[in-house]
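Protein chains in written order, with the numbering used here: chain A, 1 to 313; chain B, 1 to 512.
Hint data in this document are derived by calculation from the structure and do not stem from the laboratory.
Being a predicted model, the structure only gives us computed values, none of them experimental.
C-beta: ideal position from N, C-alpha, C; glycine also.
Do not rely on the hints blindly, as some may be mistaken.
Below, in silico cross-link-like pairs of lysine-lysine (DSSO-like), each with a Cα-Cα straight-line distance of 30 Å or less [to be verified]:
| id | chain 1 | residue 1 | chain 2 | residue 2 |
| --- | --- | --- | --- | --- |
| 1 | B | Lys-215 | B | Lys-272 |
| 2 | B | Lys-62 | A | Lys-186 |
| 3 | A | Lys-186 | B | Lys-20 |
| 4 | B | Lys-62 | B | Lys-215 |
| 5 | A | Lys-186 | B | Lys-272 |
| 6 | A | Lys-186 | B | Lys-158 |
| 7 | B | Lys-62 | B | Lys-20 |
If you only want the chain A side, here are some residues facing chain B, beta carbon under 7 Å, derived [unchecked claim]:
| id | residue |
| --- | --- |
| 8 | Leu-168 |
| 9 | Ala-172 |
| 10 | Glu-175 |
| 11 | Ser-176 |
| 12 | Ala-182 |
| 13 | Gly-184 |
| 14 | Ile-188 |
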Amino acid sequence: MDFYGINPSVLIASLMAASVPIMLAAIGELVVEKSGVLNLGVEGMMIMGAICGFITAVETGSPFLGFLGGALGASVLSLIFVLLTQVFLANQVATGLALTLFGLGLSSLVGQGYVGIKPPATGAIPFGPLADIPFFGRVLFRHDWMVYASIAIIAGVWAVLKFTRAGLILRAVGESHDAAHALGYKVIRIRVMAIVFGGAMAGLGGAYVSLVRVPQWTDGITAGAGWIALAIVVFASWRPWRVLVGAYLFGGITVLQLNLQASNEFPIKIPVEYLAMSPYLITILVLVIMSSGRGRASLNAPASLGQNFHASH
Amino acid sequence: MTRETLLSIEGISKSYPGVKANDDVSFRIGEGEVHALLGENGAGKSTLVKMIYGLVKPDEGKMAFRREGYAPSEPREARSLGVAMVFQHFSLFDALNVAENVALGMDNPPPMRELASRIREVSESYGLPLDPSRLVGDLSAGERQRVEIIRCLLQDPKLLIMDEPTSVLTPQEVEILFHTLRKLAAEGTSILYISHKLEEIKALCDEATILRRGKVVGTCTPREQSAREMAEMMVGATLNAPERAATEPGPVALTVTDLSVASPSAFGTSLKGVGFEVRQGEVLGIGGVAGNGQDELLLALSGEIRTPAETVRIHGRGIGHLGPNERRRDGVCTAPEERLGHAAAPDMSLMENALLSASVRKNLTRRGFIDWQGTRDYAEGVVKTFDVRTPGIGTAARALSGGNLQKFVLGREIMQEPEVIIVNQPTWGVDAAAAAFIRQALLNRAAAGAAVVVISQDIDEIMEIADRFAALNEGRLSEPVPTQGLTIDQIGLMLGGAHGMHDAEVPHHVHP
């Protein structure tokens, strides 16, 4: 059953895979922002994750170690952000932008010898007969393990934020660092852990781009996915499950426009350039709509977002 | 009655760069005693209690809790011994609900459902009803304080520290609080009560330690001393009550009619049909607990929020549609509550801050160029006349202490010789001497023929300087009444929102 040469089950399956990088980066950034820190360096951390993951996978031959290496590489980069904003109290916006520029440059330097190599393949999990169920088999049971892992991470973050004391403390620190400090919580320590977690998630997302989505190494491989992830956090109004929705929405539009470009049967001919920019246009549109309703959505933003904390007495 | 000592403090000192916050402080608190810590702003009270609560480490000195050495390195350690603290501000989270806020202040909170039922139980047994599932951002100041108190009570405290607990409460809420505290003390909990409100201390406390500039300058039994004696120990000088010249008010200068304004902030209160008149030479006091529309009222009067022209009139002319500078030209000057960031730009010098507000009325700019000489003279005049303690007019506003900056901000407005001046919380967080000075300056301006509107949470302040009083409650303003002969109870009823006081009188006038 095709529409203008586009198969819906294939479309859904591929949008699930296409949205993994932004979903991972966005859920990491959500945790960071919930702790009251605005890290605009997601793009830089993602691309460091992409190259570190790629190198590790190529050198060891193991995609699993590759993802681990990607997460590690990006966390190390996030430690620069920690040092500047949490220790030296530098402006978070400027530091985040610098981190992105630094990450882009460093990744292209490190990746010089790896252009044109193919990484080891990350295979689909064999579900046996389940994968042969019509429609649902194609949609749900033919993915690689990272697709399932990313959904599990969303569920985990949601559960931790909603049900655990650790999550409550994290939200409290992002809501009012002065109050949290007065009650004896270690604001800086909690934020550092959140930032490093955010780095690791961005790194996983980046590694997914270079190991599965593309899969090879070229400069600037993440192509703005980090910025989309930042937008998705706002779009999701800092709620984990909405990050999933936002990522699927964005992934869906990306995949759809690719399919429309390839399809010869679609009745209206839209220039390729418009199709290519459509995901970004939709993102801008959604952000405008979200922030125009100043009520509920803005209330859910962490009140201390982007403010540095310095214990004063 | 001799009590067992619960907490003793000996020779505590703490220095910060450039200041000695505490210098050889010693005192002791007995079991079940209500002990007052009295002192002006900057006397070192907060630093001292932060050391007791484990937030700050002393440089020197020893503390003992029930005769055992006590040196908490973090609040958790203090809490585990039964030391609990109710903060002046900064310890609640607006976007979290009551139960979550309480849980954050406990070390081993029970599961949420059990906690919610315990909150209900404790809050009812102490007469402080509270719904665990409400968002703290939606609560009144009194209810917010209940959250903090209940957070402490759930941990069965031996020593409860209260840092200026009544500064945001209505008289009725203060009564409820005192009732709770007396009950706690009777059950054997010691209370360390920090305040500079002497009448409260006389009503509540058994013993008092008075701090001045980080040192203990005396101890007393508050019930046996007059408020005046304690005030003079606290300030270290004799105090003069402001003088009021008895003048007949002139014609109406400022008229506000049916002023309704939507609040610009999510947790703010919208104004609903506010109306009043102020005559020349008259001081109108607007009381009310913070967050009932005070900020919005000031914004609407200063011109930061514009309204239909006829809602705000000066000498009968509508100015509601004009912005702040046009209103200044017409003689309306305002001083908002938030000193840093609203009244003054923190990183700019006093001279620049003077220019920002006074350029219109004092002609400090010519064809777009700044008259620096005139600006300098004006700023120096303010500093001199209002006794602002600063190294010079080139100093950044943020470098000044709260009281000094407030004197500067008010001086800057008053010296523009406005016909109408509106101030919000003119003496909030200002020490007694500076507060007396500021009140006198406002009275002097009124005596010179200006209409003065003082928005304040401090009832004593309003009673001291205002001719008429009106209460702001949930964005509605009561009918102004003369302050002479007004009792604290009546004020409390007005603040609590009993708008019926005047409605009840209406039948007397209606004779068909």
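Results of checking the hints against the structure:
1. B:Lys-215 <-> B:Lys-272: violated, 48 Å
2. B:Lys-62 <-> A:Lys-186: Satisfied, since the Cα-Cα distance of roughly 25 Å is no more than 30 Å.
3. A:Lys-186 <-> B:Lys-20: holds, 26 Å
4. B:Lys-62 <-> B:Lys-215: holds, 16 Å
5. A:Lys-186 <-> B:Lys-272: violated, 43 Å
6. A:Lys-186 <-> B:Lys-158: With a Cα-Cα distance of about 25 Å, the restraint between Lys-186 of chain A and Lys-158 of chain B holds, given a limit of 30 Å.
7. B:Lys-62 <-> B:Lys-20: holds, 17 Å
8. Leu-168: At about 6 Å, which falls below the 7 Å cut-off, the nearest Cβ of chain B leaves the hint on Leu-168 of chain A intact, so it holds.
9. Ala-172: holds, 5 Å
10. Glu-175: Cβ of Glu-175 of chain A sits 4 Å from chain B, so the hint holds.
11. Ser-176: Holds - the Cβ of Ser-176 of chain A comes within 7 Å of chain B, reaching about 5 Å at its closest.
12. Ala-182: holds, 5 Å
13. Gly-184: holds, 3 Å
14. Ile-188: violated, 14 Å
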